[in-house]
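A.B. asks: Next come the chains, spelled out residue by residue.
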Amino acid sequence: MILVTAVIKPHALDAVREALSHVGIAGMTISEVQGFGRQRGHTEVYRGAEYKVEYVPKVKIEILTTAETADDVVEAISKSARSGKIGDGKIWTTTVDNVTRIRTGETGPGAI
Amino acid sequence: MIHLLVHLQAAAAPASYSDQAWLNTGDNAWQLTAATFVALMSVPGLAVLFGGLVQKKWVVNTMFMTFAGFAAVLIVWVLWAYNMGFGSAWFHSGNYANYKWTGGDLSELFNNFVGKPATTLSAFSLEKQGTIPQVDPGMPAFGIPQASVIYFQFVFAAITPLLFLGSVLGRIKFKVWVIFVPLWTTFAYAVNAFLLWGGGFWAHQGAGDFSGGYVIHLAAGTSGFVAAAVVGPRLKRDREKALPHSLPLVAIGGGIVWLGWNGFNGGDPYFASADAATAVINTNMATVAALLTWVILDMYLSKAKKPTFLGAINGMVVGLVAITPSAGYVNGAGALGVGAIDSCIVWLAWNYLSRVNFMKKVDDAMGIVYTHGIAGLFGGLLLGVFADPTVVEYRSVGGSAISLKGAIYGHPGQIGIQLGAALTVIIWDGLVTFVILTVMKALMPSHSLKYADDILEIGDLAIHDEEGYPDDRGATRVLPGYSESAVHSAAAATVAGGSA
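Top to bottom, those sequences are chains A and B. All residue numbers for the first sequence refer to my numbering, where the first residue is 1 and numbers rise by one. All residue numbers for the second sequence refer to my numbering, where the first residue is 1001 and numbers rise by one.
Hints are computed from structural coordinates only; laboratory data are not their basis. Keep in mind the model is a prediction, meaning the values are calculated, not measured. Treat the hints loosely; a few may be bogus.
Below are the DSS-like pairs computed for lysine-lysine, each with C-alpha atoms no more than 27 Å apart in a straight line [said to hold, decoys possible]: (1) LYS1236/B - LYS1360/B; (2) LYS1175/B - LYS1450/B; (3) LYS52/A - LYS1175/B; (4) LYS1056/B - LYS1405/B; (5) LYS60/A - LYS1128/B; (6) LYS1056/B - LYS90/A; (7) LYS1236/B - LYS79/A; (8) LYS1116/B - LYS1128/B; (9) LYS52/A - LYS1128/B; (10) LYS1236/B - LYS60/A; (11) LYS60/A - LYS90/A; (12) LYS1360/B - LYS85/A; (13) LYS1241/B - LYS79/A; (14) LYS1236/B - LYS1128/B; (15) LYS1175/B - LYS1128/B; (16) LYS1128/B - LYS1241/B; (17) LYS1450/B - LYS1303/B; (18) LYS1236/B - LYS85/A; (19) LYS79/A - LYS52/A; (20) LYS1175/B - LYS1405/B; (21) LYS60/A - LYS1056/B; (22) LYS90/A - LYS1241/B; (23) LYS1305/B - LYS1175/B; (24) LYS85/A - LYS1128/B; (25) LYS85/A - LYS1116/B; (26) LYS90/A - LYS1236/B; (27) LYS1241/B - LYS1116/B; (28) LYS1175/B - LYS1303/B; (29) LYS1361/B - LYS1241/B.
FRET-style restraints, in silico, Cβ to Cβ [unchecked claim]: (30) LEU1310/B - HIS22/A: 33 to 39 Å; (31) PRO10/A - PHE1110/B: 32 to 38 Å; (32) ILE1281/B - PRO10/A: 33 to 39 Å; (33) ARG47/A - ASN1331/B: 34 to 40 Å; (34) PRO1480/B - PRO109/A: 58 to 64 Å; (35) ARG82/A - LEU1301/B: 20 to 26 Å; (36) LEU1353/B - ARG38/A: 46 to 52 Å; (37) GLY108/A - LYS1305/B: 57 to 63 Å; (38) SER31/A - THR1438/B: 17 to 23 Å; (39) ASP1471/B - GLY110/A: 52 to 58 Å; (40) SER1446/B - HIS22/A: 53 to 59 Å.
By construction, the Cβ of each residue, glycine as well, lies at the ideal position given by its N, Cα and C atoms.
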């Protein structure tokens, strides 16, 4: 089993969700995060004082999937979140030891 | 010696405004209070009402354009626009006491259309006894100074474009907005005001608009709809996800707008009179009738069948708008009727007319065409139904009671007069808005009145370098006079020094 984690631009989320539904994803978790990568931060000005703000708002997506569909999931995110500009984000995969569905106690791939 | 000098200066001022024998302190205290209430409806009332209704990324821009629009109006108001709305007729000097269009030449028509531009900056034009020259003969003499009239009318002129800001939010360029507003005040608002309040054509025809159902709300609904069409829609995503970001802000703004309306309608007799009090309680009766009607309709006829807070706010606004033309002309039963009926009409329009393709195409962000345009249109027509001739606005110099008579008191013709005034405002304001924005569009280097899509995606931060709810994590002050590397090496030196 694979955990696919992606950090994307917030307004790309709808397109990603749409693309993932075509891959047949059963569920996903999202969270609002902040961070920096190669994309530079931005400047904010309050009462004449200029601030360099390093962290950029992003959305983090986490999807548990089987090893067979993981590549499709990564591809779907990659294509749908791509604007070609700096700051589109990253996707990484990690191997998962086990998964438990809390309601039934089911474990393994059947719990995804 | 100093005392003597002061005394001499006082004596040197013209008697016409230094003696102030005409001053009624009660009237003046109420007029300034009422004006301030109305001003508070704009800032912060509409600023936080709209601010709460937009997405988080638009809250700064929304509030800012409200404040900036308010400021832009006052400048042109005192330089020329006040007198275009409330001053003397353009081409004729002398007393236009009962000046009325009799089908004469073009200059006569013009004299019935707009007043002559003039500033209101001199000591005399501020401190003299208040006067609206083209309507004076029909009214008792004012007990308030001219400055009170000018400021009271300013806060109405200011709130009107701010209402239809709601139609163009979330895309119009800041610069376009602050240029458009004073132009609109000059060419649209001043004409509306003169036609109905300043002694123009519809004032002489006996059209009633107590506090601006037509001059303000129908004007805002019409102009907002046309402006939204010319400026173009928001981002598709912003239209589809136009969720309000803060209902508590809406509650604060909505509450200020409601109670601020006590000044809006209560100040319009220009006297702290019985009719002022009637207008205040009528305003609140129509508002609760409309609010509850909207909520009941939501509970029994909407798809979700649930009472909603934002539905109540819509109903509240509709009631306030509905009673505005007739607040001081109807009795209490009339006020309840006006609020309940108008709320039904606007509820139906909001839920069904909005499904018509033409209405869907125009991105009127806050639905101002419904809650102000349609609500104001029918509010004015309902005056023609419910106006009670025994509700007396004031007694003229001759002692005769000034009131209006609606259809249920045997004067159905009042409805026709109201409709004529309404159509004039719809056509003129629609035209003026279209022409100003179309010309501005042609003159803009980008030929666009709205921001580019990549700016719209970000909102406040891209336009103003500010956001509504800034986060200090990761923020570093950029000190003036230091380059970024200098700041960093200075910080590093401090750390190094500290650990040594």
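A.B. asks: Does each hint fit the structure? Answer for all of them.
C.D. replies: Hints, verified against the model:
Restraint check for LYS1236/B and LYS1360/B: satisfied, since their Cα atoms lie roughly 13 Å apart, inside the 27 Å limit. Note on LYS1175/B and LYS1450/B: the hinted pairing holds, with a Cα-Cα distance of about 10 Å set against a maximum of 27 Å. Distance restraint check for LYS52/A and LYS1175/B: the Cα-Cα separation of roughly 26 Å lies within the 27 Å cut-off, and the hinted pair is therefore satisfied. For the hint linking LYS1056/B to LYS1405/B, the alpha-carbon distance of about 48 Å lies beyond 27 Å, and the restraint is violated.
Using a Cα cut-off of 27 Å, the hinted pair LYS60/A and LYS1128/B is violated, with the two alpha carbons roughly 66 Å apart. For the hint pairing LYS1056/B with LYS90/A, the CA-to-CA distance comes to about 26 Å; that is within 27 Å, so the pair holds. A hinted pair counts as satisfied when its Cα atoms are at most 27 Å apart, and LYS1236/B with LYS79/A qualifies at roughly 21 Å. Restraint check for LYS1116/B and LYS1128/B: the C-alpha separation of about 19 Å stays at or below 27 Å, so the hint holds.
Pair hint LYS52/A plus LYS1128/B does not hold up; C-alpha atoms about 54 Å apart against a cutoff of 27 Å. Distance restraint check for LYS1236/B and LYS60/A: the Cα-Cα separation of roughly 23 Å lies within the 27 Å cut-off, and the hinted pair is therefore satisfied. Straight-line distance between C-alpha atoms of LYS60/A and LYS90/A comes to about 10 Å, which keeps the hinted pair within the 27 Å bound. For the hint pairing LYS1360/B with LYS85/A, the CA-to-CA distance comes to about 33 Å; that exceeds 27 Å, so the pair is violated.
Restraint check for LYS1241/B and LYS79/A: the C-alpha separation of about 23 Å stays at or below 27 Å, so the hint holds. A hinted pair counts as satisfied when its Cα atoms are at most 27 Å apart, and LYS1236/B with LYS1128/B does not qualify at roughly 54 Å. For a cut-off of 27 Å, the pair hint linking LYS1175/B to LYS1128/B is broken: about 37 Å separates their Cα positions. With a C-alpha separation of about 53 Å, the suggested pair LYS1128/B and LYS1241/B falls outside the 27 Å cut-off, and the hint is violated.
Restraint check for LYS1450/B and LYS1303/B: not satisfied, since their Cα atoms lie roughly 35 Å apart, outside the 27 Å limit. A hinted pair counts as satisfied when its Cα atoms are at most 27 Å apart, and LYS1236/B with LYS85/A qualifies at roughly 21 Å. Our distance criterion of 27 Å between C-alpha atoms is broken by LYS79/A and LYS52/A, whose separation comes to about 31 Å. Among the hinted pairs, LYS1175/B with LYS1405/B is inconsistent with the structure: their alpha-carbon atoms are about 46 Å apart, more than 27 Å.
With a CA separation close to 19 Å, the supplied pair LYS60/A and LYS1056/B stays within the 27 Å bound. About 26 Å separates the Cα atoms of LYS90/A and LYS1241/B, which keeps this hinted pair within 27 Å; it holds. Distance check on the hinted pair: LYS1305/B and LYS1175/B sit about 43 Å apart at the alpha-carbon level, beyond 27 Å; violated. For the hint pairing LYS85/A with LYS1128/B, the CA-to-CA distance comes to about 64 Å; that exceeds 27 Å, so the pair is violated.
A distance of roughly 56 Å separates the Cα atoms of LYS85/A and LYS1116/B; the hinted pair therefore is violated under the 27 Å criterion. A hinted pair counts as satisfied when its Cα atoms are at most 27 Å apart, and LYS90/A with LYS1236/B qualifies at roughly 26 Å. With a C-alpha separation of about 47 Å, the suggested pair LYS1241/B and LYS1116/B falls outside the 27 Å cut-off, and the hint is violated. Taking the CA atoms of LYS1175/B and LYS1303/B, the gap is near 41 Å; set against the 27 Å cutoff, the hint is violated.
Among the hinted pairs, LYS1361/B with LYS1241/B is consistent with the structure: their alpha-carbon atoms are about 16 Å apart, no more than 27 Å. Range check, LEU1310/B to HIS22/A: Cβ separation about 35 Å, and the 33 to 39 Å hint holds. The hinted window of 32 to 38 Å between PRO10/A and PHE1110/B is violated, with their beta carbons roughly 55 Å apart. For ILE1281/B and PRO10/A, the hinted distance range of 33 to 39 Å is not satisfied, since their beta carbons lie about 49 Å from each other.
Between ARG47/A and ASN1331/B the beta carbons are some 52 Å apart, a value that contradicts the proposed interval 34 to 40 Å. As the Cβ distance of PRO1480/B to PRO109/A is approximately 59 Å, the hint placing it in 58 to 64 Å holds. For ARG82/A and LEU1301/B, the Cβ-Cβ distance of about 46 Å falls outside the hinted range of 20 to 26 Å, so the restraint is violated. At roughly 50 Å, the beta carbons of LEU1353/B and ARG38/A sit within the given window of 46 to 52 Å.
At roughly 44 Å, the beta-carbon separation of GLY108/A and LYS1305/B lies outside the given 57 to 63 Å, and the hint is violated. A hinted range of 17 to 23 Å for the beta carbons of SER31/A and THR1438/B is inconsistent with their spacing of about 46 Å. Checking the proposed 52 to 58 Å range against ASP1471/B and GLY110/A shows it is violated: the Cβ atoms sit about 41 Å from each other. For SER1446/B paired with HIS22/A, a C-beta distance near 37 Å fails the hint of 53 to 59 Å.
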